[in-house]
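**Q** The primary structure of each chain is shown beneath.
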Amino acid sequence: MSRSASKVPETEQPDGEQASMSMVQAINSALHCTMAADPAVLVMGEDVGFFGGVFRCTEGLYEKYGAHRALDTPIAEGGIVAAAIGMGVNGLRPVVEMQFADYIYPAIDQIISELARLRHRSGGEFFAPVTIRAPCGGGIRGGQTHSQSPEGIFTHVCGLKTVIPSNPYDAKGLLISAIEDDDPVMFFEPKRIYNGPFHGHDNNGGGSGSWSDHPLGQVPIGHYRIPLGKAATIRAGRQVTVLAYGTMVHVAAEAIRASGIDAELLDLRSLLPLDIEAVAASVRKTGRCVVIHEATRTSGYGAELVAEVQETCFWHLRAPIERVTGWDTPYPHAFEWEYFPSQRRIVDALQRTLAYH
Amino acid sequence: MPKTGGNKPVEARGHADATGTWVSKLHVPTGSSRPGEKPDFRALNLVSDDAMFRPAPDCETREAEPLAHGLVRVLDDEGTAGGPWLPELSDEHLLQGLRHMVHVRAYDERMFRMQRQGQLSFYIKSTGEEAVAVAQGMALDSGDMLFPAYRQQGLLFVRGRDVVDMMCHCISNARDNCKGRQMPVFYTWKDGNFFSISGNLATQFSQAVGWAMASAYKGEEHIAATWVGDGSTAEADVHNAMLFAATYRAPVILNIVNNQWAISTPQSFAAGGTTFAARALGYNIPGIRVDGNDFLAVHAVTDWAARRARRGFGPTVIELVTYRVAGHSTSDNPDAYRAHNESEAWPLGDPVARLKQHLIGRDLWSEPQQQALETELKEAISRDWKQALSYGSLEDGPHWPVATMFDDVFQHLPAHLLRQRQQLEEKE
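Sequence order for the protein chains is A and B.
Counting in my numbering, the first sequence runs from 87 upward without gaps.
Counting in my numbering, the second sequence runs from 166 upward without gaps.
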């Protein structure tokens, strides 16, 4: 009955009843579905049990599955990940919540030296199927310790998969895939879009909507998977390819719409494995590429994307590939909208790219 | 060759019920109450005679061992002071302590309300545990270095920080000495020997040990004092702090503020069924558990630890048993995870009320004087707030110039940040 030794199959087409869900509710639904399907799945972390998580992602699990499977932990991120590794080795399938992505660093030795490499160093004998969920990103006045986007640290580590959804539908399907995957997965949740899409601070400071008005806020109630490593085309276009993930998918979409540029927007969804086929097919078509992320620029994931694109598409490129990113400073409390990549910066980059003939 | 290891099939282990689901034998701690329950603090063992002695500050750890499980008190439930820990403090000192605590409370109330009105992005109150920072701050010398967590704002009042400056930090305006970079309450004040507060938990605990090691290295008299909450003791930094402090006999006071709650998680998740002071014993550090709402006891124990450190006998761990009356921060509602008004059942009372009661009992103070003090300080806070806003607000500014976000990443602005700053300014 346990699915703990399962391998993730091809996409399962979701069917059955749907409901309007926020990203928080979709993540919660994924946890309910996987826990119902497999007694080896448990959630663990700070305030995830009785309280249901500071962002409410684990709400109702304590009531349904008890204190043992919605496990409150001491405030020790290194201890949490280490315990999850041990539990994973002993047949469980832990889903760890890091309260903020910014809190991961005390666990970094356990993640990088242990979780990521256990399978390799033991010649394939041991593995720990741990998923680490972490709310990431800024735009909530969280200052430098509640706003970071550290995904590039983890894509640099061999042995970790790294996923960042941009909407409720993807969040649920990707999280189920991550949990049921036998490899460790870093699952970053952009908290700015937990409760609705966000188009950037341009245009009267918001443009926040509700997921209930968004087609991708319609989420199947039951179990479904979105395979890791498959990008989604948000908008087809001919002039330039825009690569984004997480919150920046929405900011980029709005920037493209407002500018009237015929850009093709890809939501990468999974950074590792990367859907390089979809990326390359698009860039070969458009001949231009702009990469967007909220994380700092230097040695960020965008640098990897730029390198991959030029390696696979060099003869098709008609302009230098541009990056629009957060600045190389800690996330400033007072200046978060000057820091956060704005629609205007995105449009400027698109226009610079299009100026090459 | 077949694999001999690997993950065991889960079906092969443990007990299962009729549906095949495991029957867990894992112990998961509980706390003093959950919503709808009657608060129960008996597990804390707050009644004890174990601490009814005061060893010499140069004692061996084992001589002080009962203090780690007992509870040092000076004030009894009626506000009468006595016992081996009774400190020699002037009347003025005690009245000043009361004034500081009332001031902190007025400040917290105002900042909390301003957060609710959208003037601050975030706030953390210290309601119910003001004696910790105020009495400890007053027991230390001004040259001693403070490495606080985010709930020891009382230290700033003791050290004489301008309240307007504190407020300007909290609203990230043009006069914020952190230049708009930090969330509210993560104060920095180098001139006051007050370290820069981090948003990450417990990191300061082991840094304070390093500061103290340098003080000893330089042959100086200054000591360091640092604070963490009960929940934060789970972080490895706390182990590192105790280990290094014991190894090098660093002149440091390691304070653990056991205010019962770490957001929604009870202190039992970090205490493991014993006291936090007892953690020190395994490192050969004296651990003293003190009534954290007893101004006199907190002062006395801190003074003892400071003397011990200053004379070169090394660190002390102090567990301050208190209660977090407010939520963790403005981001949580405590009624969702503990009994409504659980604080009313807290057996160690309120630190302000208890010191006031003591002073009134000694004819040093009166209820009308208390009323007048509260009114005076509330009005002072109102004036300070208006002045702080005159230097700028969070939403409307003025702030520091935006381009200053590139300063201080490094000592000197490197070329790549200069380019990024120019890109930003082109858009201004």
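No wet-lab data here; the hints were simulated from the structure.
Careful, some of the hints might be misleading.
Said to hold, decoys possible - In the DSS-like style, the derived pairs of lysine-lysine whose C-alpha atoms are separated by at most 27 Å in a straight line are:
#, chain 1, residue 1, chain 2, residue 2
1, B, LYS355, B, LYS551
2, A, LYS150, B, LYS383
3, B, LYS355, B, LYS383
4, A, LYS371, A, LYS316
5, A, LYS150, B, LYS190
What you are looking at is a predicted structure, and each value in this text was computed from that prediction instead of being measured.
**Q** Each hint should be assessed against the structure and marked as holding or not.
**A** Results for each hint:
no.: 1; hint: B/LYS355 <-> B/LYS551; verdict: holds (25 Å)
no.: 2; hint: A/LYS150 <-> B/LYS383; verdict: violated (59 Å)
no.: 3; hint: B/LYS355 <-> B/LYS383; verdict: holds (20 Å)
no.: 4; hint: A/LYS371 <-> A/LYS316; verdict: holds (19 Å)
no.: 5; hint: A/LYS150 <-> B/LYS190; verdict: holds (18 Å)
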